[in-house]
Amino acid sequence: MSQRTRADQEGVSVKQGIAAGTSVGAAIIMATIGIVQLFQGIAAVAEDELFVQGQEYTFKFDFTTWGWVHIVLGVVMIVVGIALITGATWARVMGIVIAALSILANFLWLPYYPGWSLVIIALDVVVIWAISTWNPRAEYY
3 MSQRTRADQE GVSVKQGIAA GTSVGAAIIM ATIGIVQLFQ GIAAVAEDEL
53 FVQGQEYTFK FDFTTWGWVH IVLGVVMIVV GIALITGATW ARVMGIVIAA
103 LSILANFLWL PYYPGWSLVI IALDVVVIWA ISTWNPRAEY Y
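All residue numbers for the sequence shown refer to this note's numbering, where the first residue is 3 and numbers rise by one.
Keep in mind that the hints were calculated from the coordinates and are not lab data.
Since this is a predicted model, take the numbers as computed values, not measurements.
Built from N, CA and C at the ideal position, the CB exists for glycine as well.
If a hint is listed, it holds; no wrong ones were tucked in.
Computed beta-carbon distance windows for the label pairs: (1) Phe109 - Val77: 18 to 26 Å; (2) Val47 - Thr91: 28 to 36 Å; (3) Ile44 - Val16: 37 to 45 Å; (4) Thr67 - Ala90: 26 to 34 Å; (5) Ile30 - Pro113: 24 to 32 Å; (6) Trp70 - Pro116: 17 to 25 Å; (7) Ser134 - Val81: 19 to 27 Å.
Generate coordinates for the entire structure from the input sequences, incorporating the hints supplied.
Structural data, given as structure tokens:
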């Protein structure tokens, strides 16, 4: 085996090892994001005074609608996050789709709760990267 081939394999091995570890972390992060989304949704549906009504925006919904969006998204994220630990292909595809939807929902939620929205968007980007780069069938050397 040539030096170049061995170096390439070690590079792939290190990258896959990081991606595999990050994917397990991504599954945990995704389930955690789902829990946070669920709590945000419950607070919005309960019309808690946690949220401040600001300016009017083009994509404005009432808090009950936003609450149900976050509750549904949160439950699906929890289920997919738990299933993602197995490395199943359907869970990986759904994980990317749900994380992308979460980015969109939290972008639209920015006017209501900007701090949490930015944190969740950043974590969703990490989840998408980890799921996209991880190859559960790669051989480690």
